[in-house]
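Colleague: Residue-level listing of the chains:
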Amino acid sequence: MQQLKALQLNQIRKSYQQGAEVLKGIDVAIQPGEFFVLVGPSGCGKSTLLRLLAGLEDVSSGEIYIGNEFANRLKPSERELSMVFQNYALFPHMTVEQNIMFGLHVKKIAKEEQRKRCEEAAEMLGLIPYLKRKPKELSGGQRQRVALARAIVSHDPICLMDEPLSNLDAKLRAKMRSEIRQLQRKLGITMIYVTHDQTEAMTMADRMMILNQGVIQQIGKPLDIYNHPQNAFVASFIGAPPMNMIPANVADSVLHITENWSMDVDIDWQGDVIAGVRPEHIQQAKSGTPSFTAEVVNVEMLGTETLISFEIQSGLQWTAKWQGQHQLNPGDIVSLFIDQNQMVFFDEKEKVNIEYQSLGAVQ
Amino acid sequence: MNIPNVEKQSMKLQTKGHKRHRRRFSFLEGWLYLLPSLFLFTAFLFYPMVRTVYLSLFYTDTQGKPMAFAGMENFTALLSSSSFLLSVKSTFLFVLYTVPVGVLLALGLALLANQKLAGIGFFRTIFSSTMGMSVAASSVIWMFIYNPSIGFANRLLTWFGLPEMQFLLDPSTALIAVAVATIWMNTGFTFLILLGGLQNIDSQLYESAKIAGVSTIYSLRKITLPMLSPTLFFVITVSMINSFQTFGQIDILTKGGPIDSTNVIVYSIYKDAFINYNIGSASAQAVILFLCVFLVTIIQFKLGERKVHYQ
Ligand SMILES: Nc1ncnc2c1ncn2[C@@H]1O[C@H](COP(=O)(O)OP(=O)(O)OP(=O)(O)O)[C@@H](O)[C@H]1O
Ligand SMILES: [Mg+2]
Numbered sequence: 001m002q003q004l005k006a007l008q009l010n011q012i013r014k015s016y017q018q019g020a021e022v023l024k025g026i027d028v029a030i031q032p033g034e035f036f037v038l039v040g041p042s043g044c045g046k047s048t049l050l051r052l053l054a055g056l057e058d059v060s061s062g063e064i065y066i067g068n069e070f071a072n073r074l075k076p077s078e079r080e081l082s083m084v085f086q087n088y089a090l091f092p093h094m095t096v097e098q099n100i101m102f103g104l105h106v107k108k109i110a111k112e113e114q115r116k117r118c119e120e121a122a123e124m125l126g127l128i129p130y131l132k133r134k135p136k137e138l139s140g141g142q143r144q145r146v147a148l149a150r151a152i153v154s155h156d157p158i159c160l161m162d163e164p165l166s167n168l169d170a171k172l173r174a175k176m177r178s179e180i181r182q183l184q185r186k187l188g189i190t191m192i193y194v195t196h197d198q199t200e201a202m203t204m205a206d207r208m209m210i211l212n213q214g215v216i217q218q219i220g221k222p223l224d225i226y227n228h229p230q231n232a233f234v235a236s237f238i239g240a241p242p243m244n245m246i247p248a249n250v251a252d253s254v255l256h257i258t259e260n261w262s263m264d265v266d267i268d269w270q271g272d273v274i275a276g277v278r279p280e281h282i283q284q285a286k287s288g289t290p291s292f293t294a295e296v297v298n299v300e301m302l303g304t305e306t307l308i309s310f311e312i313q314s315g316l317q318w319t320a321k322w323q324g325q326h327q328l329n330p331g332d333i334v335s336l337f338i339d340q341n342q343m344v345f346f347d348e349k350e351k352v353n354i355e356y357q358s359l360g361a362v363q
Numbered sequence: 001m002n003i004p005n006v007e008k009q010s011m012k013l014q015t016k017g018h019k020r021h022r023r024r025f026s027f028l029e030g031w032l033y034l035l036p037s038l039f040l041f042t043a044f045l046f047y048p049m050v051r052t053v054y055l056s057l058f059y060t061d062t063q064g065k066p067m068a069f070a071g072m073e074n075f076t077a078l079l080s081s082s083s084f085l086l087s088v089k090s091t092f093l094f095v096l097y098t099v100p101v102g103v104l105l106a107l108g109l110a111l112l113a114n115q116k117l118a119g120i121g122f123f124r125t126i127f128s129s130t131m132g133m134s135v136a137a138s139s140v141i142w143m144f145i146y147n148p149s150i151g152f153a154n155r156l157l158t159w160f161g162l163p164e165m166q167f168l169l170d171p172s173t174a175l176i177a178v179a180v181a182t183i184w185m186n187t188g189f190t191f192l193i194l195l196g197g198l199q200n201i202d203s204q205l206y207e208s209a210k211i212a213g214v215s216t217i218y219s220l221r222k223i224t225l226p227m228l229s230p231t232l233f234f235v236i237t238v239s240m241i242n243s244f245q246t247f248g249q250i251d252i253l254t255k256g257g258p259i260d261s262t263n264v265i266v267y268s269i270y271k272d273a274f275i276n277y278n279i280g281s282a283s284a285q286a287v288i289l290f291l292c293v294f295l296v297t298i299i300q301f302k303l304g305e306r307k308v309h310y311q
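For the record, the sequence lines run as chains A and B. Residue numbers in the first sequence follow the working numbering, run continuously in steps of one, and reach 363 at the last position. Residue numbers in the second sequence follow the working numbering, run continuously in steps of one, and reach 311 at the last position.
Don't read these hints as lab results, they were simulated from the structure. Just so you know, these numbers come straight off a predicted model, no measurement behind them. You may find that some hints are simply not true.
Stated by the list, open to error - Result set (EDC-like, lysine to aspartate or glutamate): computed pairs, CA atoms no more than 16 Å apart in a straight line:
#: 1; chain 1: B; residue 1: Lys116; chain 2: A; residue 2: Glu57
#: 2; chain 1: A; residue 1: Lys186; chain 2: A; residue 2: Glu123
#: 3; chain 1: B; residue 1: Lys210; chain 2: A; residue 2: Glu57
#: 4; chain 1: B; residue 1: Lys222; chain 2: A; residue 2: Glu97
#: 5; chain 1: B; residue 1: Lys116; chain 2: A; residue 2: Asp58
#: 6; chain 1: A; residue 1: Lys75; chain 2: B; residue 2: Asp202
Unchecked claim - So the derived list for chain B, only partly shown, Cβ under 10 Å to chain A, looks like this:
#: 7; residue: Asp202
#: 8; residue: Gln204
#: 9; residue: Leu205
#: 10; residue: Glu207
#: 11; residue: Ala209
#: 12; residue: Ile211
#: 13; residue: Gly213
#: 14; residue: Ser215
#: 15; residue: Tyr218
#: 16; residue: Lys222
#: 17; residue: Ile223
#: 18; residue: Met227
#: 19; residue: Ser229
#: 20; residue: Ala273
#: 21; residue: Arg306
#: 22; residue: His309
Think of the CB as a built atom: it goes at the ideal place given N, C-alpha and C, for glycine as much as any other residue.
Isolated chain B (complex conformation) (with noise of 0.2 Å):
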């Protein structure tokens, strides 16, 4: 930025040098600062983003050393891979699945939660409870409640009177499945974000609602909705891009099968890079993850720019 100098002359001849010297020690002293962070993110982000960009342009060996420059060959062999086409309509499904029912769940989950009412605590840890759970453990339970001979699910379905179902082994079934659990184990952290949105709520805007006497529903579409947008607008992005990177419980339950029908992007990579050593292959699925995410999110800031209220 240009600031017209307005000092004296005789001023500013005995002052430039030495000011010279203090502006530039205060632009390395700043850079100090950073340098940690630098450090850390050149490290783990920076550069396995660029290296992921590189090796996607080239044909590797199983190491995963480059060999010879592929240019664009590793997207268009993808793009008409159907295998990789299937990934990406079970991501996409899998996204579709998990994030509008896992945020409406949480939704009136908190906005039970926030009634004021005797014990209403416990229903808040219980309801943050998975919050705290590993993927992994959390895999484990849900494991055993699709178990086919002793599982949960399969009794209830008996109870109910209703055919036993093999979940997790049919192809039409094991991503609904698998999105159910990862539902579950979302809730936690929806569900905590959105009853602090809630409770940031001015209660007097709730108060003058009922002197008013709109009807609750009202109140709900007209305050509630509006005033929680902006983290309803954070929640459902975070939801998104943790849906699209889901893995560890696809690898636990299913292990992208039965016949790929939860061969998720990401898991696919996986299976490319450290099963098949098609390091090329996977990075270029990494790179097009990369742009789905970032277009999806794009597209939600344009859309929310206009619904969502921030104070």
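In isolation and in its complexed conformation, chain A is listed as follows (with noise of 0.2 Å):
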């Protein structure tokens, strides 16, 4: 239908007028076609990322390459993309018919085409009934789809969304979800996406970037970073609920973790670590397995599984997921197994998860 686009950043810099830097050297590659996600906590940079991308501002330092065309200087409109606003800036004024089309004639396409193109996209989307409405005679799910709708129209390969799911409700976003990704395999987009929603992040995206307070922590594919995150921000950003962690110390194979429980580990590292622990690796002991017990501060039933509290130090709490319904109540001594071999470990000083360290300090 149309041709891919790679995206490609280097050494991204930017700082607004006053204050401090926003992102601090960006460096990543974007494949054509891929759906990418960017994700990280609120302040962090991704609503600025994407309009540099999208040239409503300038990069203060570092160059942007679209499709192998160094476009720093491109105006928006010469970047061939489209972008999905958060609030969707639908115009108030136009139908939705108009919304969808605005602008087509800059691209020089015939009336018919903008209509066809127009009536497709609605069609896709289920927007034929409300071709002649308003945006405010529509609900948000549907104001949605014509800012999806906008972008699909302009057959331009590269797709910006700044969180465009953020105004739904939760039941909403996941139907919108899975149409968004489908969309975007079926037109070829190669797709920029932008959340906090780690959920969203993981279940969306082909590869995935971590930001943090403009660096970047982690770029890869959902399940890489999940198992295998790079730092203690990564690990507890990302996953809900979030990865446990405690301070702990590695001595001659053996972790301590608090005063009546250690074990083995099977790792080449001496002294203090951040040790981690997902919740659903923290299982219930059965008879003859080592484990420690703990009491429970707090139970969440949820169905399909059960999610339980528990104080490991006095003031840390950790979580515990276990499958099925376990009726426990707020008081009850559990026993409770870490298999050693799903702990992750990050170093006391920098964070940085040791896994990568052993390999040769990638940093």
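Work from the hints to combine the two standalone chains into their complex.
Modeller: In structure tokens form, the structure reads like this:
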């Protein structure tokens, strides 16, 4: 349908007139046709990066290449991309149809072709009954679809989306997630998708980039990042509930977690570490397995699984996720078991996963 | 409004009297809150209005006391008086000179001042500064500008090699000269309101247009103007009503002259009432002016309904 386009960012830096650097050297190559998700906490610079790509802001330094073309000085319209804004940016005084077709005349597309594309997009997104309505007469989800349709009709090879689902309720969000993903596959668009919701990132991304305070934390496939977080920030940001962590000490292949709980580990490390384990890897101890006990503080029953919070140290709570329904009450004592192979260790100072450090200091 | 009473019978019997009492009390309480503004409106608005209409139907003495019922006499006399018809013409011309130019000028300035440039705050302040100036003060400024011998306007003409003009003394230019001064005086207010309207437009709409690649003119026509239309509508209506009621600058600059060329209706009312002591006729003129403004405003609302996009 259209030629796929790659994107390449070299050492992108951005600071606004007043204040500190917002993006501190972003290096990333986005493959043609990829669904690339940008995720990070609020204020980390996601929107800023997207606006740089769109050409709505100028970079302070660094290079942007769009499909092998040096794009730093291209105007937004010359970059051949479409953008979906967080609040959709629909024109309130135009009908859905006019909104979708807005600006197509610039691309020298004949009126007939414009109408055809509009109809195609509306068909694809189930907007046909609403073409003559104004945006204010639509529901949030429908508006969101209009914004999508507007991005589609331009037939641009790259699409940027800035938290397009954040105004929707949980159910609709889940539905739109898969719709957007399918649409992107079908049209073969290179998608750069911003979100602060790690579930959205995990479920939609081909690859994702985690950003914190303008610095890249990790780039990779969702599962790789989940299983091998580069550092403690990534580990706690990706996954819900977040990874449990605790400062600990390794001496002669024995991990001392608390005064009365230590276990053998198979790592090549001496000294202080931060030990981390995902909630689903803290299991109910069967008789005979090495275990530790803790007092339940809170229980959340989710139907298919049960979340159990317990205090591992005074002032530090961990959460375990058990399959199925478990009748527990606060105050109960539970026996817990952790497979040492499922544990992740971060060095105490840099908070970097030691698995990456032993790979010959990747940093 | 009739609300069907679905309460149980016994309850109703018990509480009926009590409820009516309560309802009457809250009704009185409502009026009590309205009382101060009702009083002010009655004293300064409703009563003068009614009184004006009343007086317009009478012959009056020099004190403004009604002497004899005149019926429509005052009105028919006015409509056949060439001097009043000239006033009507001057008024409409004055509105025509001031409103479109004034609003367009303010819109242009507002569009300029809405750019995100360093130091734009300075220009915003300058452009809106005439709002803080009284009609009297600015009229005096313009009197100096138009002064035939020392005025800046004539110096400018000379500088361009044009013949000097008697702006306020020439019947063919006096109305335009006052209109120019009025436009200048009103720009501050109009500018400020329009700038406020512009700043209310979501900047993402423009960014979206930028990505689509439409021209500046196109986004002005298709985004800015429609989004600004409620504000524009408000500004046009207010400017028009203001313009119909112009008095101060005319009193200071021309006193209705020369040869009645700037004798707009309001000024004519003033002259008839307080110089000729013909209150009956003045009241009739006031009623006619009121009807004119009323009519124009209604027409505007009718047209506006189709063109204005309220959010
Ligand atoms: N126009 C601006 N001028 C100055 N600082 C800005 C501007 N826009 C953003 N910033 C700053 O840049 C930082 C990153 O902002 P950005 O909007 O990119 O965050 P974000 O990651 O999109 O956050 P969110 O998830 O809340 O949307 C913030 O600290 C913000 O204060
Ligand atoms: Mg953002």
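Colleague: None of the hints should be skipped; say for each whether it holds.
Modeller: The hints, checked one at a time:
Between lysine 116/B and glutamate 57/A the alpha-carbon distance is near 13 Å, which keeps this suggested pair within the 16 Å criterion. Straight-line distance between C-alpha atoms of lysine 186/A and glutamate 123/A comes to about 14 Å, which keeps the hinted pair within the 16 Å bound. For the hint linking lysine 210/B to glutamate 57/A, the alpha-carbon distance of about 12 Å falls within 16 Å, and the restraint holds. For the given pair, lysine 222/B sits about 14 Å from glutamate 97/A by alpha-carbon distance, which is consistent with the 16 Å threshold.
Taking the CA atoms of lysine 116/B and aspartate 58/A, the gap is about 15 Å. The hint holds against a cut of 16 Å. Simply put, lysine 75/A and aspartate 202/B have alpha-carbon atoms about 21 Å apart, too far for the 16 Å limit, and the pair is violated. With 10 Å as the threshold, the beta carbon of aspartate 202/B comes within range of chain A, its nearest partner Cβ sitting at about 7 Å, so the hint holds. About 4 Å separates the beta-carbon of glutamine 204/B from the nearest beta-carbon of chain A, less than 10 Å, and the hint is met.
Interface hint status for leucine 205/B: upheld, as the beta-carbon distance to the closest one in chain A is roughly 6 Å, under 10 Å. Interface restraint check: glutamate 207/B against chain A, minimum CB-CB distance 5 Å, threshold 10 Å, status holds. The interface hint given for alanine 209/B holds, since its Cβ lies 7 Å from the closest Cβ of chain A, which is under the 10 Å cut-off. Hint status for isoleucine 211/B: holds, given a least beta-carbon distance of 5 Å to chain A, under 10 Å.
The interface hint given for glycine 213/B is met, as the beta carbon of that residue sits about 3 Å from the closest beta carbon of chain A, less than 10 Å. Among the interface hints, the one on serine 215/B holds; its C-beta lies about 8 Å from the nearest C-beta in chain A, closer than the 10 Å criterion. Residue-level restraint check for tyrosine 218/B holds (minimum Cβ-Cβ distance to chain A is 8 Å; threshold 10 Å). Using the Cβ-Cβ criterion of 10 Å, the hint placing lysine 222/B at the interface with chain A is satisfied: the shortest such distance is roughly 8 Å.
Taken as an interface hint, isoleucine 223/B checks out: its beta carbon lies about 7 Å from the nearest beta carbon of chain A, inside 10 Å. Of the supplied interface hints, the one on methionine 227/B holds, with its beta-carbon coming within about 7 Å of a beta-carbon of chain A, less than 10 Å. The restraint placing serine 229/B at the interface with chain A holds, with a minimum CB-CB distance near 8 Å, inside the 10 Å limit. Because the beta carbon of alanine 273/B sits about 47 Å from the nearest beta carbon in chain A, more than 10 Å, this interface hint is broken.
Taken as an interface hint, arginine 306/B does not check out: its beta carbon lies about 13 Å from the nearest beta carbon of chain A, beyond 10 Å. This hint holds: histidine 309/B has a C-beta 4 Å from the nearest C-beta of chain A, less than the 10 Å allowed.
The structure shown violates the earlier hints numbered 6, 20 and 21.
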